[in-house]
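Enquirer: Sequence:
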Amino acid sequence: MRTHRLLAVLAYLSATGLTLRHAQAETLAAALIQDQAVPQGQLSAFVATMLQAAKHRLSGIANGLALAPGEFARLFSELSTAMPTGNGIVTLTYGLILVIVGAGAEWLYWTYATPAMIATEAIMVSTRREGFRLAMRRLGLRAFGLVLFVTAIVGAAAYFDWPAGFDGFVIASILLIVFVRLAWLMADVIAAPGHPQLRLGDVEPARAQRFVAAFVGMAFLLALSHLLPELLEYVAGAPHAASAVRVITATLLTMIVLAGVLTALRRGRAVAKAGGRLPRFPYGFLAAALILGIYGVWLAAGSTLATLLAILALVATIQARLRRWVFFFWPEEVSPDGGTIGAGLLPNIVLSLSRYVVVLLGIGAALIALDAPMRNMAGSDSPLMRFVLHLLGVAGLALVINVGWVAIRELIDRRLRTIGPFDPHAEPGPNARLRTLLPLLRMTSAIVLLVLLVLSALWTLGIEITPLLAGAGVFGLAVGFGAQALVRDVIAGIFYLVEDVFRIGEYIESGSTTKGTVERITLRTVALRHHNGPLHFVPYGSLGTVRNNSRDWVIEKFNLPLPVGVDSEQVRKIIKKVGEGMQADPDIGPLIREPLKAKLYRIDPGIKIFRCKFQTAPGKQFDVRAEAFKRIETALKAAGISFADGLQTVVIPGSQAIPGTQAFPGGQPAVA
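Just so we're aligned, residue 1 is where the sequence shown starts under our numbering, counting upward by one.
Treat the hints with caution; some may be incorrect.
[To be verified] Using C-beta positions, here's what the derived DEER-type ranges look like: (1) G589 / P561: 26 to 36 Å; (2) T85 / S354: 53 to 63 Å; (3) L108 / G201: 41 to 51 Å.
Hints listed in this document are in silico derivations from the structure and should not be mistaken for laboratory results.
All C-beta atoms, glycine included, are put in the ideal place defined by N, C-alpha and C.
Put together the whole structure using the sequences plus the hints.
Expert: Here it is as structure tokens:
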């Protein structure tokens, strides 16, 4: 019944040609939606009620547009009659004095500030960050002039005694001028027409003038849509004219936004096509549908819902483009495909802070659009308000934790980038320990910060965390008893890493079968790459005694069999000379710690065994040994010394020869 009465009132007002004021119409529509008790199963009736309310709002807008010309004609006639009177002339004179005072104060300031502005705009910069500092100086100069203008004009306006009925018009005019000039200042600083080295935004220099014009035009329409209808409705008593002004300004604002977005998307599509790639989704159609949809919601449901949707769309768009805008000042860290390469600490912190600021500004704008009593929120005893304030506290904690995490992560990643990527075929080097511990430190820091954030958030929301900590201790004790192998692996891994038993890139052996190069280290296991290719994941608790083959140096020994009749001293000198030649070699020499040496090791029947040894860096002994074999063979061949052939001579007493052998006087030697 309540719904039918409200609809009847709206129909009556529409039929009699009366139009509700903008705020009253929205209040009535909100009451229509909120007070409507929709029983279960009557969703279609609720939708029909909303459609009926939208229909009446559209009818009211159409009625206002139809009656607006008459009200505009009446207002023009009244203004023409009032201006020649004393009040009109006084108001016009005071207005001219305001303009002269404000412009004169600003002109006097610029007579002294112009040289500084010219010098600032003439400086050539090499990086965008230098341009940012100069742009801030330029912004300060222009902003001080604007503040001086506003102070002078407001002070003069407060001094004059304005005629009755004209003070509202004067205040609205001052607010309009200040808002438009502030928007002009912001657009000029962002785009910097004529001074591309000082721009603060990713705006092409050729489009800077159009960007400033569009930005100022939107600001003018936005201010006009809020100030002029209030004057027409409350001061002049012309609600239909006020409704028409709202519709016209909203339509023009929608057209400007739609044209600007489509132009930017068309430019992006052209750039993508020139680069040989096309967008995967028709973003132009999506943007146009979104803008027109918000405009349609404004027409049908009022400005509150449309403003909330516009704020949501604007925040989402800024979040999607924020990385590009932030990294505009760090172009050296942007890859050709638009990604970031080696982003430093400062840009990531700025990006993180910017994202939070955008979200907070969006929330504040939404609260203003909802006309929330923000003054009473802090002292309110409502559970909902306290919960909202606690959520804001959690958001602040999340911001601090996120900034700390970004700082830790970027410092660790920067250090890892200076170390360089891991090469399994290269020597581990002095940075292997950092390459081992820094990823673990990054993971541990993330876990600790996350736990701190959760506990702090619970405490901020008013949840007692002492029982949770006690329960976590009991749970940890139970897990310790139930997962002893896991605890053993983790604790053993901690001691292995603290005692620096192995590092990433080192070749280790554990037991008789487990061996390989350390590729990855986690909290519980170590990944070993076998020299044949398989990757073994070994828990720390199963490693036991570890043999590290990649530390400090390696002594390689090998045997050299020579005939028993060779001169041992001659062989020793030959091999020593070979070792000196290898140490002087520019390729092999840096790998050798101690030169190649040899000595007589033992004498077997028909063979002398010489033991050779040298000292190299870990993992290089195989290459040095192969080179040593090659050079020793060449040197012995040049000296007429051959390797032992492994044949043995057996002398058999007696005169009878064994079949297959040759008889000798006094005995028969046989070759075995």
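Enquirer: Go through the numbered hints given earlier and state which of them the structure violates, listing their numbers in rising order.
Expert: 3
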